[in-house]
Amino acid sequence: MSVKKIPMRDGYGKALLELIAANPKVIALDADVAKSTRSGWVKDKFPDNFIDMGIAEQDLAGTAAGLALGGMLPFTSTYAVFMAGRAWDEIRTTICYNNLNVKIAGAHAGISVGPDGATHQALEDVAIMRVLPNMTVVCPCDAEETRKATLAFAKIDGPCYVRFGREAVPVVTDETTPFELGKARLCREGSDVAIIACGAMVYESLEAAKVLADENISAEVIDLHTVKPIDVDAVVAAAKKCGCVVTAEEHQIFGGMGSAVAECLAKNFPAPQEFIAIQDTFGESGQPQELMDAYGLNQSSIVAAAKKVIARK
Amino acid sequence: MEVNLKEMCRTVREDILTMIHAAGSGHPGGSLSSVEIMVALYFGDVMKVDAKNPDWNDRDRFILSKGHVAPVLYSVLARKGFFPVEELGTLRKFGSILQGHPHKAHTPGLECSAGSLGQGLSVANGIALAFKKLGTGQRVYCLMGDGELQEGQIWEAAMFAPQQKLDNVCAIVDYNHVQLDGTVEEIKSLDNLPARWNDFGWNVIEVDGHDVNALVHAFKLAALTKDRPSVLIAHTVKGKGVSFMEGDCNWHGNCPNAEQLAQALAEVRGATS
Amino acid sequence: METAALQKVARRVRFEAVRMIYEGKEGHPGPALSCADIVATLYFDVMNIRPDQPDWEDRDRFILSKGHGCPIWYATLNERGYNNPKVEHFHLRELGSIFQGHPSMHSGVPGIDMTTGSLGNGIAIGAGMAYAAKAHHKDYYTYVICGDGEMQEGVTWEGVNMAKGRGLDNLVVFVDNNGFQSYKTIEFTIGQNNMADRFRAFGWHTQEINGHDVEQIKAAVTIAKATSGSPHAIICRTVKGKGLSYMENNNKWHKGVPTEEQWEITKRELGGE
Numbered sequence: 001m002s003v004k005k006i007p008m009r010d011g012y013g014k015a016l017l018e019l020i021a022a023n024p025k026v027i028a029l030d031a032d033v034a035k036s037t038r039s040g041w042v043k044d045k046f047p048d049n050f051i052d053m054g055i056a057e058q059d060l061a062g063t064a065a066g067l068a069l070g071g072m073l074p075f076t077s078t079y080a081v082f083m084a085g086r087a088w089d090e091i092r093t094t095i096c097y098n099n100l101n102v103k104i105a106g107a108h109a110g111i112s113v114g115p116d117g118a119t120h121q122a123l124e125d126v127a128i129m130r131v132l133p134n135m136t137v138v139c140p141c142d143a144e145e146t147r148k149a150t151l152a153f154a155k156i157d158g159p160c161y162v163r164f165g166r167e168a169v170p171v172v173t174d175e176t177t178p179f180e181l182g183k184a185r186l187c188r189e190g191s192d193v194a195i196i197a198c199g200a201m202v203y204e205s206l207e208a209a210k211v212l213a214d215e216n217i218s219a220e221v222i223d224l225h226t227v228k229p230i231d232v233d234a235v236v237a238a239a240k241k242c243g244c245v246v247t248a249e250e251h252q253i254f255g256g257m258g259s260a261v262a263e264c265l266a267k268n269f270p271a272p273q274e275f276i277a278i279q280d281t282f283g284e285s286g287q288p289q290e291l292m293d294a295y296g297l298n299q300s301s302i303v304a305a306a307k308k309v310i311a312r313k
Numbered sequence: 001m002e003v004n005l006k007e008m009c010r011t012v013r014e015d016i017l018t019m020i021h022a023a024g025s026g027h028p029g030g031s032l033s034s035v036e037i038m039v040a041l042y043f044g045d046v047m048k049v050d051a052k053n054p055d056w057n058d059r060d061r062f063i064l065s066k067g068h069v070a071p072v073l074y075s076v077l078a079r080k081g082f083f084p085v086e087e088l089g090t091l092r093k094f095g096s097i098l099q100g101h102p103h104k105a106h107t108p109g110l111e112c113s114a115g116s117l118g119q120g121l122s123v124a125n126g127i128a129l130a131f132k133k134l135g136t137g138q139r140v141y142c143l144m145g146d147g148e149l150q151e152g153q154i155w156e157a158a159m160f161a162p163q164q165k166l167d168n169v170c171a172i173v174d175y176n177h178v179q180l181d182g183t184v185e186e187i188k189s190l191d192n193l194p195a196r197w198n199d200f201g202w203n204v205i206e207v208d209g210h211d212v213n214a215l216v217h218a219f220k221l222a223a224l225t226k227d228r229p230s231v232l233i234a235h236t237v238k239g240k241g242v243s244f245m246e247g248d249c250n251w252h253g254n255c256p257n258a259e260q261l262a263q264a265l266a267e268v269r270g271a272t273s
Numbered sequence: 001m002e003t004a005a006l007q008k009v010a011r012r013v014r015f016e017a018v019r020m021i022y023e024g025k026e027g028h029p030g031p032a033l034s035c036a037d038i039v040a041t042l043y044f045d046v047m048n049i050r051p052d053q054p055d056w057e058d059r060d061r062f063i064l065s066k067g068h069g070c071p072i073w074y075a076t077l078n079e080r081g082y083n084n085p086k087v088e089h090f091h092l093r094e095l096g097s098i099f100q101g102h103p104s105m106h107s108g109v110p111g112i113d114m115t116t117g118s119l120g121n122g123i124a125i126g127a128g129m130a131y132a133a134k135a136h137h138k139d140y141y142t143y144v145i146c147g148d149g150e151m152q153e154g155v156t157w158e159g160v161n162m163a164k165g166r167g168l169d170n171l172v173v174f175v176d177n178n179g180f181q182s183y184k185t186i187e188f189t190i191g192q193n194n195m196a197d198r199f200r201a202f203g204w205h206t207q208e209i210n211g212h213d214v215e216q217i218k219a220a221v222t223i224a225k226a227t228s229g230s231p232h233a234i235i236c237r238t239v240k241g242k243g244l245s246y247m248e249n250n251n252k253w254h255k256g257v258p259t260e261e262q263w264e265i266t267k268r269e270l271g272g273e
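Sequences listed follow chains A, B and C, in order.
Residue numbers for the first sequence follow the working numbering, so the first one is 1 and each next one is one higher.
Residue numbers for the second sequence follow the working numbering, so the first one is 1 and each next one is one higher.
Residue numbers for the third sequence follow the working numbering, so the first one is 1 and each next one is one higher.
Isolated chain A, as found in the complex (with noise of 0.2 Å):
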């Protein structure tokens, strides 16, 4: 059965249309990677809304930062591994420190972005957004959540971040599906497990859990779209629910969705936890489906971790 996929930036890049045509003072900024994050749309058709910067990333989030004293408001996007690395400083500094109101974009985020290979790879921007005071985080499951989280976006105040794949990703939600910031969603309900997932992670974690129904295991599949806030009541319920939890996303073990659930746990209801993420290393060129099956980031990695995990329950 073929699954309906569609590249999550195109959402970005609907809802940037969708918010221009309703309030002309949102500007999309991009720092010469237009078309690929579909910021290009937008200069399309609104070029006054649309700003080039050019390559020079720091520039680009410092001219969104001046942009949003101005009176408007800059959805800055470029590359993920650029713009939170690159710019990082001046995201902290002069964006987060400010309490601007910019909202930040990251594409091509994860190994997925294939043959490109390591130098293009973001693995790290969710642990490096994560960190910074007054950040909203947020790792979407597909195209229509993108488009949700985006528009999300431009209804509260300060700065923001959401991350997204190049490649197209299975459909996970719809136009009817609720989405709110800070709350997380729950896919599937189990008792056994507890799969947490974000990005194209969730609809790995859904394959797995019908996976482990057919062994008689019930996973609970939770979609953790925002990591900062974390829904800790979410987390905590799930955990308190199943007694453990597997965590999978498309990022470095450390820093990112998984260890935002394990300082949740920690603090309030620990509970024995798996990781599915990239191992402490930088990837390399390949296909994108390549790459997810060679760093473990499949349904069948999902599966063995909830079996792991249940087993130190």
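Hints in this document: simulated from the structure, not taken from any laboratory.
Be aware that a few hints might be false.
To be verified - According to the in silico footprint, chain A covers these stretches of chain B (three or more CB under 8 Å from chain A):
id: 1; segment: 102-112
id: 2; segment: 146-158
What the hints assert, rightly or not - Computed far set for chain C versus chain B, every beta-carbon distance over 10 Å:
id: 3; residue: 23
id: 4; residue: 26
id: 5; residue: 83
id: 6; residue: 105
id: 7; residue: 161
id: 8; residue: 215
In this text the structure is predicted, and so the values were computed from the model without any measurement.
Every residue, glycine too, gets a C-beta built ideally from N, C-alpha and C.
Please build the complex by placing chains B and C on the supplied structure of chain A, with the hints as guidance.
Quick look at chains B and C alone, frame taken from chain A:
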């Protein structure tokens, strides 16, 4: 209100020295080199601001990129009436509205936090671009140190403003030739600085950064320039006005003791310029 | 090497670069072809290297700052004899291949002196290598090829400033000035395309040449080596996608893979001798 600009410069220098001494730490060198620039901006009928209404929407904006010279900005803001002069005595103290490096949330009249060098011009460009997009007429001023021109981000921003024809941006380089570790020349020289800006597309105005009337004139000249941004290269002396601080990198971030303060104040008060 | 022979080499590595992209089904052919003549001339005429001893400590260093153009580097290294035996199929960008999408000094390709892919870093790194050569009294040269789009990265100008300040006349930077970047023309994004003026303003010994004329490339290096005291910029007017009729000056080929039909054209235009 007619303000004697030279008198105000003396007052601001006294404030800087007194507040850093009281705080026990701070950056006198670069603060003193920027005094005339700041006084010209705030008291020379250059910037439109309203101290009683700091958030007045039509105000011109000032972005301090070299955040460590907060004392000169704080003094000017206080003297302009944004907050009581007594607050200057709380610089760098716990709970003060005057953070060691400026923080927007704390200080009336402050537009943006600063302290990580090299970022201010990008912010100024963004504000100026917003004004262009929104069709409002305010101007944006940005004070940079010369040392921070070693930051690449400055040159990213230097490329951007002419591209966007941001003639409502006026950047100022406090060209005092000294940074924390030594002279700019021995660390990473900026020779040919006017040509660098010119070739990046800026209207370059060189000015004596300690001649407050010349500065006022230069700012007005910049405001008349259309279709491209202006940069004032203000030739200054680090630690200006205090003999033992002038040109000495050891006074970049050092606090005068009581004896040094007394001597410094005497020199500043006795100054005729 | 004789001009005719060099031109032959350049043609061959162009073909090989496009072939590896065609076979690997992904890559950046336009940016690879625009710097082909420079890379070929460096490796076959200019640089002091030992292909059978890629880590020879006195070798001239080479950095491809525009890392996405690496197919031309891989092809040239192969042609020059760095791989023993010569590589037939590169498996560019495939899982497990040493030929990564962006060049890595740890993936196992002999002769890669520096990992690149994050734009703008080449000049700063090259300045470091050149400084090390001076510090160790070595007489090797460091050659860097940058894209023109990379000039928008601030770190480029940090490196430019540093190299001038330290008088690194053993650093030679080629700017592959093909006038396009990923998204737009350079003029669209950063305004006037006066690369040479900017380098001159920053104090570099600067030449402007046709980047597809191997004799001019050789001559420019000779002149650079004869000029001491400052680093060298060689601004090369180039054509993105040079050598293939269907790619030249068509920015669609910043990244892309030839169709079977285009591959036939490629074989006609670049294949054979």
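Looking back at the hints listed earlier, which ones does the structure fail to meet?
When the structure is compared with the hints, only number 7 turns out to be violated.
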